[in-house]
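Undergrad: Taken in order, these protein sequences are the chains called A and B. Residue 724, in numbering that gives the first Met the number 0, is where the first sequence stops; the numbers in between run on with no holes. Residue 724, in numbering that gives the first Met the number 0, is where the second sequence stops; the numbers in between run on with no holes.
Simulated from the structure, these hints should not be mistaken for lab results. Treat the hints with caution; some may be incorrect.
For chains that are exact copies, the list does not tell them apart, and a pair is met inside one copy or across any two.
Calculated cross-link-like contacts (lysine-lysine; reagent style DSS-like; alpha-carbon spacing at most 27 Å) [unchecked claim]:
hint: 1; residue 1: 469; residue 2: 188
hint: 2; residue 1: 315; residue 2: 102
hint: 3; residue 1: 312; residue 2: 335
hint: 4; residue 1: 340; residue 2: 312
hint: 5; residue 1: 553; residue 2: 529
hint: 6; residue 1: 559; residue 2: 192
hint: 7; residue 1: 640; residue 2: 340
hint: 8; residue 1: 269; residue 2: 531
hint: 9; residue 1: 315; residue 2: 340
hint: 10; residue 1: 192; residue 2: 469
hint: 11; residue 1: 102; residue 2: 640
hint: 12; residue 1: 277; residue 2: 99
hint: 13; residue 1: 312; residue 2: 640
hint: 14; residue 1: 97; residue 2: 127
2 protein chains.
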Amino acid sequence: MRDLANQILLWRVYVSDAQYNRNIFFDTSPQAVRLYLLYNHWFMQTLVYAFIIVNLALALFEDPAVVPLPIWATSTIEIICLSAFSVRMVHYAKVIPKDKFWKDPKNICIIVVVTLSFIDLTIYGALKSTGYFAIRWSRVLRPLLLVNVTEGRQLRRAFRSIRNALPQISYVFLLFMFSVLVFSLVALKLFGKRGLLTIDGSPYFTDYLDIVFDLYVLVTTANSPDVMMPAYNYSVFFTIFFILYIIINTYTFMSFFLAVVYSNYKKHLKEEVRQLVKARRFKMCRAFSLLHEARGEGGEPVVTQTKWNHLVKLVKPNINIAHRELLWSVLDDQNKGHIGKFAFVQLADLLSIQVITVKSQPHPIQICFPSMYNSPVSRFIRYVVHQRMFVYVYDLIILVNAVFIGLDEENPVVSNAEWGFLALYMLEIILKLYATEPRAFFARHHFWNWFDTIIIVSALFGTIINSALKHCKCYTSRQILDIIFILRVLRLIRLVDSIKRSDSYSQMLNKSGLCVVYYIFAMVGMELFKGKVQFFEPNSTSPDQEYCGNPLLKGTTFAKLNYCKNNFNNVVSSFIVLLELTVVNQCGFTAVTHISARIFFVLFHIVVVIIIINIFVAFILEAFLVEYTIDKSDLQTSLEKKIEELEDGVDTGLVDAMESNDNELGPSEAGKQKPSLMFKIASRRSRTVDGLLQRMFETDIRPEDFVEEEEPENINFSNPVFDSV
Amino acid sequence: MRDLANQILLWRVYVSDAQYNRNIFFDTSPQAVRLYLLYNHWFMQTLVYAFIIVNLALALFEDPAVVPLPIWATSTIEIICLSAFSVRMVHYAKVIPKDKFWKDPKNICIIVVVTLSFIDLTIYGALKSTGYFAIRWSRVLRPLLLVNVTEGRQLRRAFRSIRNALPQISYVFLLFMFSVLVFSLVALKLFGKRGLLTIDGSPYFTDYLDIVFDLYVLVTTANSPDVMMPAYNYSVFFTIFFILYIIINTYTFMSFFLAVVYSNYKKHLKEEVRQLVKARRFKMCRAFSLLHEARGEGGEPVVTQTKWNHLVKLVKPNINIAHRELLWSVLDDQNKGHIGKFAFVQLADLLSIQVITVKSQPHPIQICFPSMYNSPVSRFIRYVVHQRMFVYVYDLIILVNAVFIGLDEENPVVSNAEWGFLALYMLEIILKLYATEPRAFFARHHFWNWFDTIIIVSALFGTIINSALKHCKCYTSRQILDIIFILRVLRLIRLVDSIKRSDSYSQMLNKSGLCVVYYIFAMVGMELFKGKVQFFEPNSTSPDQEYCGNPLLKGTTFAKLNYCKNNFNNVVSSFIVLLELTVVNQCGFTAVTHISARIFFVLFHIVVVIIIINIFVAFILEAFLVEYTIDKSDLQTSLEKKIEELEDGVDTGLVDAMESNDNELGPSEAGKQKPSLMFKIASRRSRTVDGLLQRMFETDIRPEDFVEEEEPENINFSNPVFDSV
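Next comes chain A alone, as it looks inside the complex (with noise of 0.2 Å):
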């Protein structure tokens, strides 16, 4: 009985890391079970990322500081955070065996960095008691948590992408600089003689390093006519060279860098999605060969009905009965009531399709009163509201609410007009409400029906404050304004119906991978630069304001231009300048530190620019062709055409089979006309990352790939790439 409970559990843990995509190869001990079966509980994940959200936070309070506390502060939390990891870290040895531990990378990444944190906050902790000068140099080290800690596969996925492109990026990379620097060579050769002037007096292309720089910012196109002048000026025969050059450098090599970080893109994703797929299939199989009965017509193994629906109400305890009933039918198409191993190792695939259960209620003004809701004027009205047209007008109205707000507000007209759009939009909730069942309308994956109402009853409170404040003649605070406005502008989204097909794309939007790269770059750029530029608050009175408190930007363009607010003296304005340097290299701080500062910002533009910026796009360009090829997958399909025909009444059967079950629903009422049942699947899109990739390279991948032969050994990923960084 005992060894049957063992089985379950492990049972259920292999179809649930099969449909969460899981690919860890525990020890399959039932203490190990129980152990893995904790590591995996939601909460001890979201505690994990509660940690390192606190630890990568602590750079807001450590020197250079947004918001200073003592050392002693941020050393004890960092601490406790550090010993949180120690402890899932542990947590993990047990679960998995030993041999395997010490074979992931992964985990010898953790253990390394978080020894060096302690190293580095001990030394640290030291010198500064005795008041000598330290860096915290493990600051830098604090990502590589975050990518290895957690279950971060997507992250670890788009670094190891980085990893597999680099040869062929460094190789078209060196190709670059070569040209870079034969241009340089001829820039020397050409105009150094001259005796040419910049617009500064200083002068022009002389110095073979100073060259080599500028030409590199002219590929990021932030110098881009400045750097020309001169020569320009000088003889129109120049501009020849930076034509060549910008046709060459600025757009032929750049293309190719995207060219290459895509197709390697597309060639490792690919490679990748398989081994996630044949893992997912081992487990599942695993999973079958624990509980199959031999019963099947060949002698083969399978499963019965009444198993399996215990088994999924394990996996997923709230799935109502009529969803399960679906899932059946479609596995168990010839109706046996049983399933071979092939149809149930798609369970995990069918879990991942989320499917809305949706019942037609009567609405309940039609229970109260019958009679005035199927009046033929209630009737019309229901009609207009779900006509097409209804939305035209109510797009038009937003348009017109858009020219509106565009308008003086000062004008009586126009904030009095602010009443009537609020007046529209209301009345719009509330025929909608009266046209649809209540339940229906706010049904959990009907976004944007709460999104307007929570928009429009926001949008009126604020109204009738601001009035009510702006009536008694207290003091209308500017917030309150901005909040109305903001609530007022968000409602023109909705007229961006389409945006919902952006819903996969904002996902794959990896920022979290992004965040790594600026978070150590942040780190390395307050070491280098802070304090070094000042900003004074614009009232200020000191002299140094207007060189930003540093004399070696006296008389710069960056101290004209007012850019004193970009600087590294604490995290926030780290990001901002970051940020700002993706979108154009501007690189004023070379002035203020040694020269050799300009390396930062090369590599950070190398990084960023040429390697994320370009994966980023790459995905974009591969999701977008798959969403106009691929429509939906087989299984997919399948679900769809089985809902379809439940609609049709085709498979009446099922249907009375379904709502007989259906004791978690309560008894149907109207079943005569239509099935009072009826699906949806949520998003013809896949909604996970990992479902979108899967089904990228879906027809790649042979639903017959099975590979219970295999050592799960070989199917495990070699994982992170971080212990060579």
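Start from chain A and add chain B according to the hints.
TA: Okay, now just chain B, sitting in the frame of chain A:
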């Protein structure tokens, strides 16, 4: 007899049409065929190109001119050009059937453009002679002639892809503009009332249209930190607005544009290439049906070798016999003496693969001094020269040379080292000539040998002349030094051996496509802005100098940064300004004219950056992916296999047959050791754009795609797009 001659003529036209991918469906009457041959004659085509270049180059001489010419002169030249185009048109009309002529929008476009140009010329002449103000508006239409008159298939194809992508691009563009407009609205409301000031002291974000323009420019990244600084200085929270804006509009939408262009480009190009191949096969089938003799086993029509030989000579008069035999042996794989339709159709593809016939001949020195040439020392030298190490040593020498170029040339050591390097390079060439037969060394396809020799010899002469001038203390011209220096730098390029790889890429860059758009914008820009900004020589004393001759520019950054030479005062500087605009939008011009001139800059950005640059990137992407995935066409592979067989002496019968036939190349001498005749495929990569395109989509085009049944109408292209412009 006369009939047969006509038939052979028709046959020749069909095959050469297929070979050069022409898709004109001409009249098949003997007279029309003869006219058609004349129409396609290289002299006629060159003449047309010459007239087009002259016509486009007129912009250099017309007001505003680089080199002013009187109106009567430019008008006369233009009239001559237009007449030439009309004659070409009439010629074309005689070649193809009447109804076809009027159906083709390309022809109508040409007629309209020529007519309009004549009308404009008349009006302009009349107005100018009576002293009125007049605009030469028809100059904008000139590039259309380049697109339509010539057989600029590549160019028309690029424009067709643009047109096909337009619906989808405009959908994304609408979303993008909506986003920009909403963001501008938010900016107006958030920042407008706070009384912030820009660095110029003007109010910040108070006018809606100004904001829209500023935020649009932010998408081009031109005003990146500047536009944000006042808000950032006020409060750090406002940066959230800009960060959101940059992520959404600058990165996501721009990637969407690329994705849309790329996916459409791929889709439509595929279809076009399919059509092209279909048309080619259709022509080859026609040609086959003209001359086959029913003689096959199954009674199917075949062509005999003698007839084939005769005809190949007609189509490609300068083909040597060995090459012809090789082709025949590829087609007639089983040595039947005749080929069927399937094999015949491949002739056009085979002819487009460049095969180089190499005859291994003894070295001239070997003939004169056989004992010396075969001595051990001589053998050793030849052995060394052919080693890979020899190349590496010279690569190292080039690198050292690069360092010396960078050093100060006033230093006597450096200037003397130059002689050393020259000697080393000369030695290399002499050694190579000693080791390789001179005629083989200077063969037509050995580009790098030619390149080296020319560069080194000219550098030698230049250096000698220069030092002679120096010695006699005459004036050392800067120009000679520059030329020598350029020659020196060009040597470095040899280091990039892999630059060969980008051979096909450089072809792709459809520069003329870009030039057409640049030309149109330059014409419009000149009408709008000519004379508004003036450039003064640096030593001029005019007080207008500091504001570029336009009081409106007083104190603007445009004047401060000395951008005065960025003007539209003639066609050359217009092109340079437009190039600068491509790299970074720089809109100082809006200060000197009406604010609506901004439309010009925004339009330019949309057309060039969003559409054309993206198509360029898409082509590189696709070509790169193809380069790495598809290797060679089947036909090329079978040709290579045949060549290998010949080298291995497998098919010695064929070699003998070739050599005995080879009366053009003289008798062979050293036929015992190895076959003295060797073939090489000129490049593993397809050299022509069409070839590359065909390879791109080869997997989708089945060779069985015969279309003899189809009507030519269906495969005639509905040609250009310009009628709708």
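Undergrad: Run every hint past the structure and note whether it holds.
TA: Against the structure, the hints:
1. When the C-alpha separation of residue 469 and residue 188 is checked against a cutoff of 27 Å, the pair qualifies only between copies, where the shortest distance is 19 Å, while the shortest distance within a copy is 71 Å.
2. Within a single copy, residue 315 and residue 102 get their C-alpha atoms no closer than 33 Å, and across copies no closer than 66 Å, so neither meets the 27 Å cut-off.
3. When the C-alpha separation of residue 312 and residue 335 is checked against a cutoff of 27 Å, the pair qualifies only within one copy, where the shortest distance is 21 Å, while the shortest distance between copies is 73 Å.
4. For a Cα distance limit of 27 Å, the shortest separation of residue 340 from residue 312 inside one copy, 19 Å, qualifies, whereas the shortest one across copies, 66 Å, does not.
5. When the C-alpha separation of residue 553 and residue 529 is checked against a cutoff of 27 Å, the pair qualifies only within one copy, where the shortest distance is 18 Å, while the shortest distance between copies is 38 Å.
6. For the homomeric pair residue 559 and residue 192, the shortest alpha-carbon distance between copies (25 Å) is at most 27 Å, but the shortest distance inside one copy (30 Å) is not.
7. Taking the shortest alpha-carbon separations for residue 640 and residue 340, only the intra-copy value of 22 Å comes in at or below 27 Å, while the best inter-copy value is 48 Å.
8. In this homomeric assembly, residue 269 and residue 531 never come within 27 Å of each other (Cα to Cα): the closest approach is 47 Å inside a single copy and 57 Å across copies.
9. Taking the shortest alpha-carbon separations for residue 315 and residue 340, only the intra-copy value of 20 Å comes in at or below 27 Å, while the best inter-copy value is 65 Å.
10. Taking the closest pair of Cα atoms, residue 192 and residue 469 come within 27 Å of each other only across two copies (18 Å); inside a single copy the shortest separation is 71 Å, beyond that limit.
11. Proximity of residue 102 and residue 640 under a CA criterion of 27 Å is satisfied in neither setting, with 46 Å inside one chain copy and 47 Å between copies.
12. In this assembly of identical chains, residue 277 and residue 99 lie within 27 Å of each other by CA distance solely inside one copy; the values are 19 Å within and 58 Å between copies.
13. Taking the shortest Cα distances, residue 312 and residue 640 sit within 27 Å of each other inside one copy (24 Å), while across copies they are farther apart (63 Å).
14. In this assembly of identical chains, the alpha carbons of residue 97 and residue 127 never lie at most 27 Å apart, being 40 Å within a copy and 93 Å across copies at closest.
The structure fails to meet hints 2, 8, 11 and 14 from the earlier list, while all remaining hints are met.
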